[in-house]
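Trainee: The chain contents come next:
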Amino acid sequence: MADRTDRWWFGVGAACVAAAVVLGASIGPAGPDWWRVPLEFVNRLPLISIETGVSESEWAIVWKIRMPRVVLGGVVGGMLSIAGASYQGVFRNPLVGPYLLGAAAGAGLGATLALTVGRGVTSSWAVDPVPTAAFVVAVASVMVTYTVGAAFGGDRTGVTLVLAGVAVVSFTSAVQTFLLQRNLEVFREVFRWITGSLANATWGDVGLVFPYAVVSVVVLLIHRRHLDLFRVGGDEAATLGMSVARTRLTIVIAATLGTAAVVSVSGLIGFVGLIVPHVVRLLAGAGHRRLLPLSLMGGAAFLILADIPGRMLSNPAETPIGVVTAFIGAPFFIYLLRTKRVGA
Amino acid sequence: MSELTLNGISVQYGDRTALRSFSDGVPAGEWVGLIGPNGAGKSSLLRAVAGLVQYGGAMYVDGVDLAGLGDRDRAQQIAYVPQEPLIPGDMTAFEYVLLGRNPYIGYFGGASRHDRSVVDDVLDRLRLREFADRMLGALSGGERQRVVLARALAQETPILLLDEPTSALDIGHQQQALELVTELREAQQLTVISALHDLTLAGTYTDRLVMLDHGEVIAAGPAREVLTAERLGAVYRVCVTVDVDPEDGAVIVVPRRGFLAS
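Residue numbers (our numbering), protein chains in the order written: chain V, 1 to 344; chain G, 1 to 262.
Everything labelled a hint here was simulated from the structure, so no lab data went into it.
Small disclaimer: the values here were computed from a predicted structure and weren't measured.
Warning: the hint list may mix true and false statements.
[Stated by the list, open to error] Part of the chain V face toward chain G, derived, beta carbon under 7 Å:
no. : residue
1   : Leu229
2   : Val232
3   : Asp235
4   : Ser243
[As the list claims (entries may be wrong)] Every beta carbon over 12 Å from chain G, so not counted as near; a handful from chain V, in silico:
no. : residue
5   : Trp9
6   : Cys16
7   : Ala18
8   : Ile27
9   : Pro38
10  : Val54
11  : Met67
12  : Pro68
13  : Val117
14  : Val162
15  : Phe178
16  : Glu185
17  : Ala199
18  : Phe327
19  : Phe333
Cβ atoms here follow ideal geometry from the backbone N, Cα and C, with glycine treated the same way.
Construct the entire structure; sequences and hints are all you get.
Mentor: So, in structure tokens, the structure goes:
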């Protein structure tokens, strides 16, 4: 009976993603009438032909500008949410997000380094070095966190790890602030990156992060049952036969790798990884069997939708998506807390 | 049905020795009660046997060295109910008891039909069927205690460790819980080691008592020999009288007014 409820929820999740994709592809400042776009999608399917009145150049706007943005939004939102849900599960702490162990601060520092110190060297490069630098420094930061945390901890609570994360985040942020303060001319550029954006996304960006995201998501989904064991605490999980430290390491590595990959192209989109898992928990329960897939789908749909208002409010500059997610998400979350909160 | 052999078990927390060279042989099917004041080393002993703290010495289940077993294999031999189990309020009783099947599920696997039927069975035996789909947060203290016990039983281990299983319960539920352990122990030939605060209950329900103080064994044997007013006065620094029921030989410890200066 539990399986049927699961399937129902997964159906709802998939429907939300599909609806978000169609909406995201249909709405934008330029391009064809919005209602023609879904029809054109059907038209493009094999063996089907409908007269939709969408010209090739209009289709190019949909396929080359909007779709990469929609797909990237889905990948980023889904990845951050499932990583957030996993982090919350592994540390049994509702306040942690995918950025906990330094992935975001590291990515920010990496991007800042590429835009300041590395500027002279890389300005003539054909490939943008910012994502690579962000990814590398993000992964390095989390590795430092883990090494420091494991050196002092070795316990089953994960508290030392979280504290090590706090220290690493403070340190990387300090370095970043120092660099920025000496290179005020790139401040705008770095700021734009930090606030996160899906604008100017290309299929190339999607291709860049997709492999990491897929591996990360698959590993996390495999560990759904283990995440449920973490809910009774590390000690009891150990007496139930779980290798606590090793399992936690595996989950943290997977979540971090995916997070680092997506933030390296999207910048730091906050809020999603923290709030989406909570919304899913309130609606569909806290068991990870359901929580992880639904966070993936819910996060994808949410970020695709949250990207739409940003495109329309583009005067003088596009509204950062992180602002939109918080602006829509926070009140909705408070509403849910008020109406649904039961038990502890 | 297994016997547990403990050879010179020591537990150290930093500089402090919590348990000093504890040795005992617990025959299959015996219920040993650990008693002693707070900090005597009861929980440390149980945590060592459960594999939660580093220990010196060696432990064997039916001659097999526990140190050589992996996490899962150990969890197939020994189930442990901590003093204050962490209860996730938003988990159903069924899901919670199903966690007890983890030692039998492969890393990439999921719960099998057999695992689910074991859980159904345990819930029936502990009269918890009606709570199966209820959230743990909505259960009373006594019901929760039974659910935690159910999780340990779902592990289907020959050895069961209970750390103060009745400390959060009223007198009625205390008796119920201990009666339940007795019933299960007889039905499944479980070997049980439990720490117990209430001396009268400890004497009544267990086969043998081991009294610890400052990490060392003070006395061991049947309740009638271990629970003497003199010894309790010295170890707990209390004033008690100990009565023995002339009909069934039950040892009854009664606190009295007055403070015993040592």
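Trainee: Work down the list of hints and note, for each, if the structure agrees.
Mentor: Right, here's what the structure says about each hint:
1. For V:Leu229, the interface hint holds, since its Cβ comes within 7 Å of a Cβ in chain G; the closest pair sits about 6 Å apart.
2. Taking 7 Å as the C-beta cut-off, the interface hint given for V:Val232 holds, the closest approach to chain G being about 5 Å.
3. About 6 Å separates the beta-carbon of V:Asp235 from the nearest beta-carbon of chain G, less than 7 Å, and the hint is met.
4. Against a cut-off of 7 Å between C-beta atoms, the interface hint on V:Ser243 holds, since the closest Cβ of chain G lies about 5 Å away.
5. For V:Trp9, the condition that its CB be more than 12 Å from all CB atoms of chain G holds, with the nearest at approximately 16 Å.
6. No Cβ of chain G approaches the Cβ of V:Cys16 within 12 Å, the least distance being about 23 Å, so the stated non-interface status holds.
7. Chain G leaves V:Ala18 outside its interface by the beta-carbon criterion, the shortest separation being 27 Å against a cut-off of 12 Å.
8. For V:Ile27, the non-interface assignment is confirmed: its Cβ lies about 37 Å from the closest Cβ of chain G, beyond the 12 Å cut-off.
9. No Cβ of chain G approaches the Cβ of V:Pro38 within 12 Å, the least distance being about 38 Å, so the stated non-interface status holds.
10. Every CB of chain G lies more than 12 Å from the CB of V:Val54, the least distance being 46 Å, so the non-interface label holds.
11. Every C-beta of chain G lies more than 12 Å from that of V:Met67, the closest at about 35 Å, which supports listing it as non-interface.
12. The Cβ of V:Pro68 lies farther than 12 Å from every Cβ of chain G, with a closest approach of about 34 Å, so its non-interface assignment holds.
13. At roughly 44 Å from the closest C-beta of chain G, the C-beta of V:Val117 stays outside 12 Å, upholding its exclusion from the interface.
14. With 12 Å as the threshold on Cβ separation, the claim that V:Val162 sits away from chain G holds: the shortest Cβ distance comes to roughly 17 Å.
15. Every Cβ of chain G is farther than 12 Å from the Cβ of V:Phe178; the closest lies at roughly 39 Å, confirming the non-interface assignment.
16. Chain G leaves V:Glu185 outside its interface by the beta-carbon criterion, the shortest separation being 51 Å against a cut-off of 12 Å.
17. Listed as outside the interface, V:Ala199 is consistent with that label: its C-beta sits roughly 39 Å from the nearest C-beta of chain G, beyond the 12 Å cut-off.
18. No Cβ of chain G comes within 12 Å of the Cβ of V:Phe327; the nearest lies about 29 Å off, and the non-interface call holds.
19. No Cβ of chain G approaches the Cβ of V:Phe333 within 12 Å, the least distance being about 17 Å, so the stated non-interface status holds.
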